[in-house]
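Here are the chains, one letter per residue:
2 protein chains.
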Amino acid sequence: MGRPSVPILSTDRIARAAMDLVTATGGFTIPDLARKLKVSPSSLYNHVTGREQIVELLREIAMSEVELPELDGPWAEVVAAIMRSYRRSYARYPRLIPLMTAYPVSSPHAVEMYNALALTLTRASFGPDETLHIITLIDNFVLGSALDAAAPETPWGSSPDVAPEFAAALATGDHRPGRADEAFEFGLTVLLRGIGGP
Amino acid sequence: MGRPSVPILSTDRIARAAMDLVTATGGFTIPDLARKLKVSPSSLYNHVTGREQIVELLREIAMSEVELPELDGPWAEVVAAIMRSYRRSYARYPRLIPLMTAYPVSSPHAVEMYNALALTLTRASFGPDETLHIITLIDNFVLGSALDAAAPETPWGSSPDVAPEFAAALATGDHRPGRADEAFEFGLTVLLRGIGGP
Chain Y
1 MGRPSVPILS
11 TDRIARAAMD
21 LVTATGGFTI
31 PDLARKLKVS
41 PSSLYNHVTG
51 REQIVELLRE
61 IAMSEVELPE
71 LDGPWAEVVA
81 AIMRSYRRSY
91 ARYPRLIPLM
101 TAYPVSSPHA
111 VEMYNALALT
121 LTRASFGPDE
131 TLHIITLIDN
141 FVLGSALDAA
151 APETPWGSSP
161 DVAPEFAAAL
171 ATGDHRPGRA
181 DEAFEFGLTV
191 LLRGIGGP
Chain Z
1 MGRPSVPILS
11 TDRIARAAMD
21 LVTATGGFTI
31 PDLARKLKVS
41 PSSLYNHVTG
51 REQIVELLRE
61 IAMSEVELPE
71 LDGPWAEVVA
81 AIMRSYRRSY
91 ARYPRLIPLM
101 TAYPVSSPHA
111 VEMYNALALT
121 LTRASFGPDE
131 TLHIITLIDN
141 FVLGSALDAA
151 APETPWGSSP
161 DVAPEFAAAL
171 ATGDHRPGRA
181 DEAFEFGLTV
191 LLRGIGGP
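Protein chains in written order, with full-length UniProt numbering: chain Y, 1 to 198; chain Z, 1 to 198.
Since the hints were derived computationally from the structure, they do not count as laboratory data. The reader is advised that the hints may include incorrect statements.
Unchecked claim - No more than 20 Å apart at the CA atoms, straight line, and that leaves these computed lysine to aspartate or glutamate pairs for EDC-like:
{"hint": "1", "chain 1": "Y", "residue 1": "36", "chain 2": "Z", "residue 2": "32"}
{"hint": "2", "chain 1": "Y", "residue 1": "38", "chain 2": "Y", "residue 2": "60"}
{"hint": "3", "chain 1": "Z", "residue 1": "36", "chain 2": "Y", "residue 2": "52"}
{"hint": "4", "chain 1": "Y", "residue 1": "38", "chain 2": "Y", "residue 2": "20"}
{"hint": "5", "chain 1": "Y", "residue 1": "38", "chain 2": "Y", "residue 2": "12"}
{"hint": "6", "chain 1": "Y", "residue 1": "36", "chain 2": "Y", "residue 2": "70"}
Taking the hints into account, I'd like the entire structure generated from these sequences.
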């Protein structure tokens, strides 16, 4: 047995290399990943069952940064705290987002967050169907907002086609740091108001 | 001058090849695109100024499928109709979404939709700052929902960690076609209710 000339392969190294590829290119393939790690594709399969497991490892990296609040406060505050932390985590990995929604969730940290949301909404007397709809709404809004948080400070370019009403709206936000954060807080308030009580 | 052995290069062919790459891999690079079109990178630059223009061509493909309603109805109905059509278009191109939010918007069809939203909200007496916030909320929710529309029918896998409250919620939606559509309509109603009047 020779001494290994590269660090020993592990699920952790595989996940980090896949994350680097996703961040740089928007995706990963098993052959690309093997090339990046300087191993054969078959060595990868000694550590992971395939692409789907690697996607779950990536989800776990992003979700492990979500901080869950104490769950015994008023439901709207608990939900808002989870949404803020969830958005912050995914804003770090915008190109990961379409991969996350393309595969069924099973990572333990993700399930923990969804458990916390479902428990909080159930305690607030929302029924199971409403709970699922609200969770989906939270996911859709948070992931869209995480993409916006990673967007340029000025997400709309100048164009001769911009009409006066849109120009007036744009003038209130353009070139302002914190634009995406403010828009997220506005959306969060609208959402919670719109959900109302059970 | 010999007869060209491949179809003549055009911005349209470049955009379609870039869309194929994004759909297959999540992104594109100029060298990959040149290889796919069997031309040199420098030939590409005879037709497009660079990556940013290609991204706008892709946005234009997705946005040209958005159908704008008559703008003279009640504002909430106009906004809902735009949101439904906007989501349907992007649900066809989920892996395009992070590229869309990473570059400033200038494609004519996109500007036309934002003009319609701004005009509708302004006529409904929302101020320019609220108009920008509502437009951003619409973008975030619609793009997140478009990703969800492209998600598997059962977006949550089974896991031993699922707690009873989350399991009860999941049981109401799993394996049901139309799950994402229903959740979008629920979210749309919540959003419009939460926005309320100006």
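Checked hints:
A distance of roughly 18 Å separates the Cα atoms of residue 36 of chain Y and residue 32 of chain Z; the hinted pair therefore holds under the 20 Å criterion. Note on residue 38 of chain Y and residue 60 of chain Y: the hinted pairing is violated, with a Cα-Cα distance of about 24 Å set against a maximum of 20 Å. The straight-line distance between the Cα atoms of residue 36 of chain Z and residue 52 of chain Y is roughly 27 Å, outside the 20 Å bound, and the hint therefore fails. Of the supplied pair hints, the one linking residue 38 of chain Y and residue 20 of chain Y holds, its CA atoms being roughly 15 Å apart against a limit of 20 Å.
Only pairs whose Cα atoms come within 20 Å are accepted, and residue 38 of chain Y paired with residue 12 of chain Y is accepted, the gap being roughly 15 Å. Only pairs whose Cα atoms come within 20 Å are accepted, and residue 36 of chain Y paired with residue 70 of chain Y is rejected, the gap being roughly 41 Å.
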